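Participant: Residue numbers (my numbering), protein chains in the order written: chain P, 25 to 279; chain W, 2 to 345.
The set of hints was computed from the structure by calculation and includes no laboratory data.
Check the hints yourself; a few may be wrong.
Subject to a maximum C-alpha distance of 30 Å in a straight line, what follows is the list of computed BS3-like cross-link-like pairs (lysine-lysine) [to be verified]:
1. P:Lys154 - P:Lys120
2. P:Lys106 - P:Lys120
3. P:Lys174 - P:Lys154
4. P:Lys174 - P:Lys120
5. W:Lys17 - P:Lys174
6. W:Lys17 - P:Lys120
It should be emphasised that the depicted structure is a prediction, and the values quoted were computed from it without experimental measurement.
For reference, the chains in residue letters:
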Amino acid sequence: MLQPTLSEPVRPVAVAPQGEAMLQVRNIQSSYRRVPAIRDVSLTLNRGEIVALVGGNGNGKSTTLRAVAGLNALDGGSVLLKGQDISSVSAHERVKRGLVLVPEGRRLFPRLTVEQNLMLGGFTTSDAAKREETLQFAYDTFTVLGERRKQQAGTLSGGEQQMLAMCRGLMSQPDLLMLDEPSWGVAPKLVTRIFETIQLIRRRGITVLLVEQNVHRALEIADRGYVIQTGRVVMEGSGQDLLGNDEVRQAYLGM
Amino acid sequence: MTTGTTLSRKAPISRKAMGTGALLALAAVLPLAITEPSQQNFLILILMGAQMGVAWNIVGGYAGQVSLGHAVFYGIGAYTSTMLLTTLGLTPWIGALAGGLLAALFALAMGWPCFRLKGHYFAMATIAVAEIMQILVTNSDFLEGAVGLYLPMDRGGWGWLIFLSKLPYYYIILGLLVLTVLVSWAIERSHIGYYFRAIKDEPEAARALGVSLTRYKLIALSVSAFLTAMGGSFYAQKEMFIDPGSVFAGTISIKIALIAILGGVGRLTGPVLGAVILITIEEYSRTLFGSTGSGTDMIIYAAMIILVAVFSPSGVLGLLGDLRRHLPGAKPAAVKTEKMEVRP
Numbered sequence: 025m026l027q028p029t030l031s032e033p034v035r036p037v038a039v040a041p042q043g044e045a046m047l048q049v050r051n052i053q054s055s056y057r058r059v060p061a062i063r064d065v066s067l068t069l070n071r072g073e074i075v076a077l078v079g080g081n082g083n084g085k086s087t088t089l090r091a092v093a094g095l096n097a098l099d100g101g102s103v104l105l106k107g108q109d110i111s112s113v114s115a116h117e118r119v120k121r122g123l124v125l126v127p128e129g130r131r132l133f134p135r136l137t138v139e140q141n142l143m144l145g146g147f148t149t150s151d152a153a154k155r156e157e158t159l160q161f162a163y164d165t166f167t168v169l170g171e172r173r174k175q176q177a178g179t180l181s182g183g184e185q186q187m188l189a190m191c192r193g194l195m196s197q198p199d200l201l202m203l204d205e206p207s208w209g210v211a212p213k214l215v216t217r218i219f220e221t222i223q224l225i226r227r228r229g230i231t232v233l234l235v236e237q238n239v240h241r242a243l244e245i246a247d248r249g250y251v252i253q254t255g256r257v258v259m260e261g262s263g264q265d266l267l268g269n270d271e272v273r274q275a276y277l278g279m
Numbered sequence: 002m003t004t005g006t007t008l009s010r011k012a013p014i015s016r017k018a019m020g021t022g023a024l025l026a027l028a029a030v031l032p033l034a035i036t037e038p039s040q041q042n043f044l045i046l047i048l049m050g051a052q053m054g055v056a057w058n059i060v061g062g063y064a065g066q067v068s069l070g071h072a073v074f075y076g077i078g079a080y081t082s083t084m085l086l087t088t089l090g091l092t093p094w095i096g097a098l099a100g101g102l103l104a105a106l107f108a109l110a111m112g113w114p115c116f117r118l119k120g121h122y123f124a125m126a127t128i129a130v131a132e133i134m135q136i137l138v139t140n141s142d143f144l145e146g147a148v149g150l151y152l153p154m155d156r157g158g159w160g161w162l163i164f165l166s167k168l169p170y171y172y173i174i175l176g177l178l179v180l181t182v183l184v185s186w187a188i189e190r191s192h193i194g195y196y197f198r199a200i201k202d203e204p205e206a207a208r209a210l211g212v213s214l215t216r217y218k219l220i221a222l223s224v225s226a227f228l229t230a231m232g233g234s235f236y237a238q239k240e241m242f243i244d245p246g247s248v249f250a251g252t253i254s255i256k257i258a259l260i261a262i263l264g265g266v267g268r269l270t271g272p273v274l275g276a277v278i279l280i281t282i283e284e285y286s287r288t289l290f291g292s293t294g295s296g297t298d299m300i301i302y303a304a305m306i307i308l309v310a311v312f313s314p315s316g317v318l319g320l321l322g323d324l325r326r327h328l329p330g331a332k333p334a335a336v337k338t339e340k341m342e343v344r345p
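Here chain P stands alone, though its shape is the one from the complex (with noise of 0.2 Å):
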């Protein structure tokens, strides 16, 4: 099994070669009420990689996401998730397809326990099997959440939550995790966990795309970024670049 040790350091994958995108978004608009939130973002994500988007409140990170889950309309443009288009498969429908989002402010069942809140994650699967592992990587790796799985999730810390929203993300078996603001309420000692659980994450083979204001951080474990603005991507590149960039040294790390 895979152990859940990050002692060695980890290196960006191998880009893989075109074709082999896990996800393609192209040019999509989305608006709340007519008021548009995103007017043209695309990005691309090939198999394996860790990719951020990222920008200030209000530029449209978490429509974006919404948006290729499938919570939020699309007003043009299309999403393909490994090459095939699922700009019209309804949010559930998408999820069975691989493509799950663990969303803004964890969105627990405060009243169901730990591992009710796990199985929930669990039932979109039918491989026992696979449900099994990955239920025993997620006790692994937070034996507090193992420790407490008859515990009633609201009475989790931040910190807590956000693994256990994390692992019931991964518990429907995604091919593709997006996750929403994941250090976002969580203590500041365990911000360095959260982002440790994501490089684990990506090593069971899973395709992330992450939305953090937590910019520094996100692009410092990111293959890729891509910065948006006002709806739109107004830059992207690996994360290195876009962390020695000016511009976004200037704009979000107060550099």
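Since chain P is already given, all that's left is putting chain W on it; use the hints.
Facilitator: Chain W alone, transformed into the frame defined by chain P:
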């Protein structure tokens, strides 16, 4: 750490099963001890109330979609089995099933547009549907309109579910209640039950997890409608007369919901407890205020709603849970916060 956890949804049932068995045995012998017909009738009314409440709880409790129009399913059940009996001479065994199926189909048709509405707006839409249905039936010549339908008096026995004694009705409705509880219990333990609760608590998260909200709400409503309609068929068999006012009335919808809310929604035993309390109060007040004219039941319903809303939104079951926690020697709630650990 090896947790050895499996994704089993099976909860330990031994003690609960014993309690349930004892309760069932008591229910089975109760009418042998209480032989007075009016008192047997009172027990039947409690079981009818419990059956309706448990059925309502599936959609209103677990899935959190509060329907205030369940009389529409009750009425469909009563009218379907009765019409099949009076026109085609079909036994109510089949008639009740047909009524259930028709009600489930009606639930799908009504749920499709109504589930576009959320919360109070959904509840208001269900009221409207039930009211419209009552008006339609009242004005339908085919269904004898406001005059109502009489069941044929010339046959009896188990084939026709018509009896002179109260005793068989007691056991039939007990059986129907057991069936309804079993369906509810099976749903509670299955992934469908988890989906229902997920939809109730965090619909957005449920969608993100791959749950089709509309599909599961429709499942909840149609299963609930099916069982409620069977209760309606039973009512027709027992009373041998139905009219729009007795099976499609708004008071029935409120009573069905109130039984579950009073006892405790989203819990298997809540509506049973609610029925015992509500029907007891209702029957006693009926004999007490019998001469003051109709309307006392509505006053009582209103008072109950206010009391539940103010003192215990989680119903009598929730109140009992609170009491138990405050008793000396009670286990503290399992809330503890420790430092978070992540393996290395």
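Participant: Within 30 Å, alpha carbon to alpha carbon, are lysine 17 of chain W and lysine 120 of chain P?
Facilitator: The given pair, whose Cα atoms are some 36 Å apart, is violated under the 30 Å limit.
Participant: For the pair we were handed, lysine 154 of chain P and lysine 120 of chain P, check the Cα-Cα distance against 30 Å.
Facilitator: holds (14 Å)
Participant: Given the proposed pairing of lysine 17 of chain W with lysine 174 of chain P, does the C-alpha separation stay at or below 30 Å?
Facilitator: holds (19 Å)
Participant: Please work out if lysine 174 of chain P and lysine 120 of chain P have their alpha carbons no farther apart than 30 Å.
Facilitator: holds (27 Å)
Participant: Would you mind confirming whether the straight-line C-alpha gap from lysine 174 of chain P to lysine 154 of chain P stays at or under 30 Å?
Facilitator: holds (22 Å)
Participant: Lysine 106 of chain P and lysine 120 of chain P were given as a pair; does the straight-line alpha-carbon distance stay at or below 30 Å?
Facilitator: OK: lysine 106 of chain P and lysine 120 of chain P at ~13 Å, within 30 Å.
Taken one by one, the earlier hints fail for this structure only at number 6.
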